[in-house]
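*Asks:* The primary structure of each chain is shown beneath.
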Amino acid sequence: MGNGTELGRVRGLGPAHEGEEGWMQQRFTAVGNLLLVSFLAISLVLLPDLSFGSVSAWIRHPVPAVAMALLVVNLFWHARLGLIEMIGDYVHDDGNKFASFLLVNFGAAAGVAFGLFFILKAALGGIAV
Amino acid sequence: MAERPLSPHLTDGMRLHWKWGPHMLVSILHRVTGDGMAFVALPILIWWLGALAGGQESYATFQHQATTWYGYVILVGISWAFFNHLCSGVRHFVLDAGAGYEIHTNKRWSLATTVIGVLLTAAFWAAVHFL
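Same order as they appear, the protein sequences are chains A and B. In terms of my numbering, the first sequence is residues -12 to 116. In terms of my numbering, the second sequence is residues 266 to 396.
Hints were generated in silico from the structure; no laboratory data involved. Keep in mind that the hints are not guaranteed to be accurate.
The calculated label-pair distances, taken between Cβ atoms and stated as ranges, are [unchecked claim]:
#, chain 1, residue 1, chain 2, residue 2, range
1, A, Phe93, B, Trp285, 33 to 39 Å
2, B, Leu396, A, Phe93, 37 to 43 Å
3, B, His274, A, Leu31, 38 to 44 Å
4, A, Ile29, B, His369, 15 to 21 Å
5, A, Gly(-9), B, Val393, 54 to 60 Å
6, B, His274, A, Gly113, 23 to 29 Å
7, A, Asn92, B, Ser323, 44 to 50 Å
Just a sample of chain A residues kept apart from chain B, beta carbon distances all over 10 Å, derived [to be verified]:
#, residue
8, Arg(-4)
9, Glu8
10, Val24
11, Val59
12, Asn83
13, Ala96
Quick reminder that beta carbons are idealized off the backbone N, C-alpha and C, glycines included.
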């Protein structure tokens, strides 16, 4: 903690003691989610039906496939920040906080990895029967 | 470092430090819908993508579960959580900009975001069924 500027004197004194940069990332990913989930919702509405054939043909197009990949990364990043914010508010024991952050980070990384793999497989894989 | 007050500081024994108002409802709903979607909607999204990647059979299993009565309850719940979180999130951007703190404006927009979230959910499902 600094003792020079006004910002330096207060930085780290919030209940979570850290996380200023997460605040901006939370806003950026929020705007990203607004756009990308809207893309998904509008796509689901506009598809003729939600059968395997329609949806797997849809995700083979470049724009839907890339949008879904960006959506998975953006959603899990935003959710990770939100969960860390909640844990920072309610979990005060340092050990429990560390364990909770660990689980959130692992969960988010796993979600992104599986999500991207499934999108690649659905978009590029052979027609499964 | 000195002990600092905790935030949110909700209770003093049995006594609540706050009383209900629309702004509290929208704040609590923002957190509940956001963290709720992290635990419910994201696993289901990954399941849907996994079922799609797995082929016709796994997709049929997902589709069967999604179209049961509890499947619809969960999916409608997720869509409401999303639209509610979207509206209260947009409200947060306005508050971040330093606007909307006057008591009547704040109350009006708190109610509006909650109502608009429900209306968007209804509009989305109407569109899914009729378009």
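*Asks:* Hint by hint, note whether the structure agrees.
*Replies:* Going through the hints against the structure:
The hinted window of 33 to 39 Å between A:Phe93 and B:Trp285 holds, with their beta carbons roughly 37 Å apart. Between B:Leu396 and A:Phe93 the beta carbons are some 40 Å apart, a value that agrees with the proposed interval 37 to 43 Å. Separation of B:His274 from A:Leu31 is about 42 Å and conforms to the stated range, judged on CB atoms against 38 to 44 Å. The beta-carbon spacing between A:Ile29 and B:His369, approximately 35 Å, falls outside the hinted interval of 15 to 21 Å.
Roughly 57 Å separates the CB atoms of A:Gly(-9) and B:Val393, a value that falls within the hinted 54 to 60 Å. Between B:His274 and A:Gly113 the beta carbon distance is about 57 Å. The supplied range of 23 to 29 Å is therefore violated. For the pair A:Asn92 and B:Ser323, the supplied restraint of 44 to 50 Å is violated, since their beta-carbon distance comes to about 28 Å. Its beta-carbon lying about 13 Å from the closest one in chain B, A:Arg(-4) satisfies the requirement of being farther than 10 Å from that chain.
Listed as outside the interface, A:Glu8 is consistent with that label: its C-beta sits roughly 15 Å from the nearest C-beta of chain B, beyond the 10 Å cut-off. Distance to chain B contradicts A:Val24 as a non-interface residue, since its nearest Cβ pair spans about 6 Å, not more than 10 Å. Distance to chain B contradicts A:Val59 as a non-interface residue, since its nearest Cβ pair spans about 8 Å, not more than 10 Å. Separation of A:Asn83 from chain B is adequate, the least Cβ-Cβ distance of about 15 Å exceeding the 10 Å criterion.
The beta carbon of A:Ala96 is kept farther than 10 Å from every beta carbon of chain B, the shortest such distance being approximately 13 Å.
In summary, the numbered hints that this structure violates are 4, 6, 7, 10, 11.
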